[in-house]
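Peer 1: Next come the chains, spelled out residue by residue.
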Amino acid sequence: MNSIESGISGLDEISSSVGSKDGVIQENSATLVYGPPKVGKSILCNQFTYHGLNLDEPCLYLTTDQSMHELQQNMMDFEWFLQNPIEKELLYVIDTLSPLSGEEINTTTTYKVSKINDPTDLMVKVGIGTRFVFKKSNKFRSVLDSLTTPFAFNPEALVIRFLKAYIRRLKEAGATVLVVYTEGVVDEKTEKILKSLMDNVIMMDGEYLTFRSTTGLVGTAEYNITNKGIFLEKGKTL
Amino acid sequence: MILMIVRVVSGIPGLDELTSSEDELGLGLGGIPENTITLVYGPPGVGKSIFCHQFAYYGLKQDEPCLYLTTDENLQELQEDKTNFGDDLKKYMESELFYVVDAASDIEEELESSDIYHISSVKNPTDILIKVSQGANSIKQKNPRFRAVIDSITSILESNNEMLIVRVLKTYILRIKEAGGTAVINYTERSADLRTEILIKSMVDNIVKLNGNEIVIEAMRGMGIKNKSYEITEKGIIVE
Chain A
56 MNSIESGISG LDEISSSVGS KDGVIQENSA TLVYGPPKVG KSILCNQFTY
106 HGLNLDEPCL YLTTDQSMHE LQQNMMDFEW FLQNPIEKEL LYVIDTLSPL
156 SGEEINTTTT YKVSKINDPT DLMVKVGIGT RFVFKKSNKF RSVLDSLTTP
206 FAFNPEALVI RFLKAYIRRL KEAGATVLVV YTEGVVDEKT EKILKSLMDN
256 VIMMDGEYLT FRSTTGLVGT AEYNITNKGI FLEKGKTL
Chain B
-15 MILMIVRVVS GIPGLDELTS SEDELGLGLG GIPENTITLV YGPPGVGKSI
35 FCHQFAYYGL KQDEPCLYLT TDENLQELQE DKTNFGDDLK KYMESELFYV
85 VDAASDIEEE LESSDIYHIS SVKNPTDILI KVSQGANSIK QKNPRFRAVI
135 DSITSILESN NEMLIVRVLK TYILRIKEAG GTAVINYTER SADLRTEILI
185 KSMVDNIVKL NGNEIVIEAM RGMGIKNKSY EITEKGIIVE
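Protein chains in written order, with my numbering: chain A, 56 to 293; chain B, -15 to 224.
For the record, the hints were derived by calculation from the structure and aren't laboratory data.
There's no promise every hint is true.
With a Cα cut of at most 30 angstroms, we get these calculated DSS-like pairs of lysine-lysine [what the hints assert, rightly or not]:
1) LYS170/A with LYS107/B
2) LYS193/B with LYS210/B
3) LYS283/A with LYS193/B
Here are the in silico distance ranges between beta carbons for each label pair [said to hold, decoys possible]:
4) GLU246/A with GLU78/B: 48 to 56 angstroms
5) PHE286/A with GLN46/B: 32 to 40 angstroms
6) LYS45/B with LYS170/A: 35 to 43 angstroms
7) GLU227/A with LYS212/B: 52 to 60 angstroms
8) THR217/B with ASN139/A: 46 to 54 angstroms
9) LYS219/A with LEU148/B: 23 to 31 angstroms
Just so it is clear, the structure is predicted and the values come from calculations on it, not from any experiment.
Where is the CB? At the ideal position from N, CA and C, for every residue including glycine.
Put together the whole structure using the sequences plus the hints.
Peer 2: Right, here's the structure in full:
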């Protein structure tokens, strides 16, 4: 199995340091990034996205916690500018939040909106977006940031159903998927199901990033958030 | 440290020094990152409302409008506030800088709604959202930036289904940010389900905790956790 460059400084090095050929995130896998609020989960996703864009790997980005405007602002804090990838049609965004603002929204070829409380419509848009991105490159990334707001607007079972369909569709198309979730906002049972749907999990707690990958690799490292994104200290495998 | 972040002066003496960046050039001025949402939380009686007053008042003194949602003190009680904030409110309402959504008044009261004063009720979150959104729209016509306050979300949570309030709050946050506002939201710790509390924390940008002795910046764009002791004087909160 090939692994992909996560773009997270220090993360890919942990696995290579133990002589493992498998990285933490393998190509065409699904990874759950979870932890309490404000520990850098979105930053990790954005870093993953931006790194891919710089390698000309397109990204299908579902923004369900932040409007497109906020997403761009947050990326700009780290000097990750999206103008160029947007012009090259490498970044395809589905925004379920901006419609809540009540403002008129101008969609484009690569910027679509959907409703936060309508997972069926979102799934249709995901299908269309996947085809678009797939045509650009069969090696691409997909980010869903995050499940937190969908859980607040929909019954838990419905969100899980959407997530299953989403992961199946994207993996079929060859994508490497990252999904964010804020720990503790759903039932324990739902949380378990959520983790069981994923190949890898990355847990962040503000101090340590711990991962378990489908290849059996388990590791942990201290991390810091700098103006260049997330930096892992020298980690170790467990 | 990120230099690109534009900040607004909090109005709480000593707090902005705590949030200023420590780069060698000393370029980073402290304050609350502009166009973000700050949760101020903690147990009852530690000064969360005073924080809100100071934040709003500082802006008003700089001619920055403020969209104020009040749920525990009605307008009259706000005006009776012992600091200058209360005394000056009338003036700022006349100059249309202070825009109030009052969800603390009894309907029978005689105050009439006007362009800048709207009566609502904690039992009707949809109505609150409509009035606050109208307020944000009307303010943004004339001002690229403004302050917004919810004092407090606690009473609204107590009178409604918590998930509904989470959704209303998410919408509020989005609308304030799109309109260019910088907001402070007061929430009493543990007054809602743990799950609701986590959701609220996940929706805001910055988290400030007051515990009676210490102010803890648990999260803020561009910086790590910081804390300092504070006291409440007749002039409000002062961070040492």
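Peer 1: Hint by hint, note whether the structure agrees.
Peer 2: Consistency of the hints with the structure:
1. Between LYS170/A and LYS107/B the alpha-carbon distance is near 26 angstroms, which keeps this suggested pair within the 30 angstroms criterion.
2. At most 30 angstroms may separate the alpha-carbon atoms for a hinted pair to count; LYS193/B and LYS210/B meet this at roughly 10 angstroms.
3. Of the pairs offered as hints, the one joining LYS283/A and LYS193/B holds, with about 27 angstroms between alpha carbons and a cut-off of 30 angstroms not exceeded.
4. For the hinted restraint 48 to 56 angstroms between GLU246/A and GLU78/B, the CB-CB distance of approximately 53 angstroms keeps it satisfied.
5. For PHE286/A paired with GLN46/B, a C-beta distance near 38 angstroms keeps the hint of 32 to 40 angstroms intact.
6. Hint check: LYS45/B to LYS170/A, Cβ distance near 41 angstroms, so the stated range 35 to 43 angstroms holds.
7. About 53 angstroms separates the C-beta atoms of GLU227/A and LYS212/B, a value consistent with the hinted range of 52 to 60 angstroms.
8. About 52 angstroms separates the C-beta atoms of THR217/B and ASN139/A, a value consistent with the hinted range of 46 to 54 angstroms.
9. Between LYS219/A and LEU148/B the C-beta distance comes to about 27 angstroms, which sits within the given range of 23 to 31 angstroms.
Violated hints for the displayed structure: none, as all numbered hints are satisfied.
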